[in-house]
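Novice: With the hints as constraints, model all of the structure from the sequences given.
What follows is the residue order along each chain.
Protein chains: 2
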Amino acid sequence: MGGDQGPIPVVAGMARVAKKDPDVTFVVHGNKDELKKRIKKYKSLTDRCEIKPTTKVISMDTKPSSALRNGKDSSMWSTIETLKTGLANVAISCGNTGALMATAMLNLKKAPGVTRPAIACLCPSPNASGFNVLLDAGADIKADEKDLLCYSIMGSKFAQNGLQLNKPRIGLLNVGKESHKGRSEIKAAYDLIAEHEEPNGYEFVGFVEGTEIFSNKVDVIVTDGFTGNTAIKSSEGAARVIRNQLRQAFAHTLFSRIGGFFAYTSLRRFFKRIDPRRANGGVFLGLNGIVIKSHGGSDAVGIEAAIDLGVKLARSKSF
Amino acid sequence: MGGDQGPIPVVAGMARVAKKDPDVTFVVHGNKDELKKRIKKYKSLTDRCEIKPTTKVISMDTKPSSALRNGKDSSMWSTIETLKTGLANVAISCGNTGALMATAMLNLKKAPGVTRPAIACLCPSPNASGFNVLLDAGADIKADEKDLLCYSIMGSKFAQNGLQLNKPRIGLLNVGKESHKGRSEIKAAYDLIAEHEEPNGYEFVGFVEGTEIFSNKVDVIVTDGFTGNTAIKSSEGAARVIRNQLRQAFAHTLFSRIGGFFAYTSLRRFFKRIDPRRANGGVFLGLNGIVIKSHGGSDAVGIEAAIDLGVKLARSKSF
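So the sequence lines, in the order shown, correspond to chains A and Z. Those letters in the first sequence? Residues 38 to 356, by the numbering used here. Those letters in the second sequence? Residues 38 to 356, by the numbering used here.
Just so you know, these hints were derived from the structure itself, not from any lab. It is possible that part of the hints are untrue.
All copies of an identical chain are treated as equivalent in the list; a pair is satisfied when it fits inside any one copy or across any two copies.
Heads up, simulated EDC-like pairs for lysine to aspartate or glutamate below, C-alpha to C-alpha not over 16 Å straight-line [as the list claims (entries may be wrong)]:
| hint | residue 1 | residue 2 |
| --- | --- | --- |
| 1 | 69 | 182 |
| 2 | 218 | 177 |
| 3 | 56 | 235 |
| 4 | 57 | 182 |
| 5 | 179 | 222 |
| 6 | 224 | 182 |
| 7 | 183 | 58 |
| 8 | 74 | 87 |
| 9 | 73 | 87 |
Specialist: Okay, structure coming up:
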């Protein structure tokens, strides 16, 4: 219920997954009549959805603390509870990120050894898997050296299970590659992450810069949530400007329109590859359960990607 | 001398500017014989260059502290000194950013009222000027609320003089628009920047997110140097991936090649618009003198853009 467009794209996304994956079933939380009506529209969803009726909706501007105090009858709370009781294997929400993290933390608790949970995001990359993992993408605004080590271990595990990598390469985000650069906690984290390489099955490649987030020099990029969130959003902003300018370029002259006609399938493939909806879904790491935060403005394709990711992680037994 | 490719692209960039702008002259610092030979290759540079011979070169991995101790006979030091003595109106370097900032700080001193100098970067935007200003892009790794206010005032002045804006719109970078989000110094800066709107001739639009760095909702984006540097570099990385994938898309099939042929001029215009070299040049703000840091890997086109920017700022009397 809590996404920008309510349940419409959510149910449409479920239907897309249901059509291709016969073993997935859904527990849906929110206004019963509305959900029933929506679900009826899709043949693929027949007999595969259970509705948990709830009355409250956590809005996008609700503070996390208020979501904990007053959120008990909300669709968000009910979603997390279903995961806690074992009725669901994955919880997915398009709602308020801060409220979702707080609700998940309170109900699911931190996993053993975790200092601070984090949100992992998939970034398009030329690596074989097609993606790099960046964390923390915004669960918290700060991280000390122990948290950054914790992120390295969680990110490495996520890359092993979500991207099927044997020995993920971890990079620590900094403003330069030289060892004298950066804030003190980042320099301290450098040593800690290097020390813990062996037992955790990752390869530490050292400091990486923002330019390398989308490169094949690394599989996992570790940073605090403030920096990670800004890096992801800035890149999205840059990609949006480029897409718009490319569309304008093709509409500009008769020749360019003819060119666009001939290059249509290639351009479509190109736009699909850089489509940010494909990488939708921030995964909460460090909790006792798999929680995925889908973009608030997600359409059916975005929701589908988030569910696909959740299914993949739930099927990977060691996650 | 200190850029990735030494003086070759520097002199080539000077020649490009000299050809179109008859009133610009140059003071060049470095190996005398090498520079003389290089300059001779360009007719447009005849009788317009003075060479200051120097022996040392500050390398890219020199620490700022060591550049101050041992840098006196370097091309970098000599460049800043020429600005200090008034022989030049602008100093431009492709060398080590940290060393350049330290050398400039020591020799030029902070301007009155400045708490912390900053580097301002131009980001492509759909605004009429074609650019937004982001600062700090990496002069320092931290900034408190007073520094962020200082950046707002300097950034506003820079936008007035460099982009000819009457009343620049200032945005403070944060992980969300809601007032409860972000680190404590950012919340404190919000109030300070709002209070100082009137006397400084800017309009404060409040918190902006990374997605808006390249938007027309704002003219100046204010943040600390760690975040700003990461935002710029992440966007560069994303843009690079997109450019490569677009090139691949057009090479993919015969049809797409035909399409590329017809759309050639539009595509060329597109690639020119998103060319990062056009926005080359980080401007050091808050010092007694105009210093521009060009990208270390700049080619002649990038150097030309940095010199053009310097000329524009030097001619704007109030800067």
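Novice: Determine for every hint whether it applies to the structure shown.
Specialist: Okay, the hints, checked on the actual structure:
{"no.": "1", "hint": "69 / 182", "verdict": "neither (46 Å within a copy, 48 Å between copies)"}
{"no.": "2", "hint": "218 / 177", "verdict": "between (23 Å within a copy, 10 Å between copies)"}
{"no.": "3", "hint": "56 / 235", "verdict": "neither (43 Å within a copy, 59 Å between copies)"}
{"no.": "4", "hint": "57 / 182", "verdict": "neither (43 Å within a copy, 52 Å between copies)"}
{"no.": "5", "hint": "179 / 222", "verdict": "both (10 Å within a copy, 13 Å between copies)"}
{"no.": "6", "hint": "224 / 182", "verdict": "within (8 Å within a copy, 24 Å between copies)"}
{"no.": "7", "hint": "183 / 58", "verdict": "neither (40 Å within a copy, 55 Å between copies)"}
{"no.": "8", "hint": "74 / 87", "verdict": "within (13 Å within a copy, 79 Å between copies)"}
{"no.": "9", "hint": "73 / 87", "verdict": "within (10 Å within a copy, 80 Å between copies)"}
In terms of the numbered hints stated before, the structure departs from hints 1, 3, 4 and 7, listed from lowest to highest.
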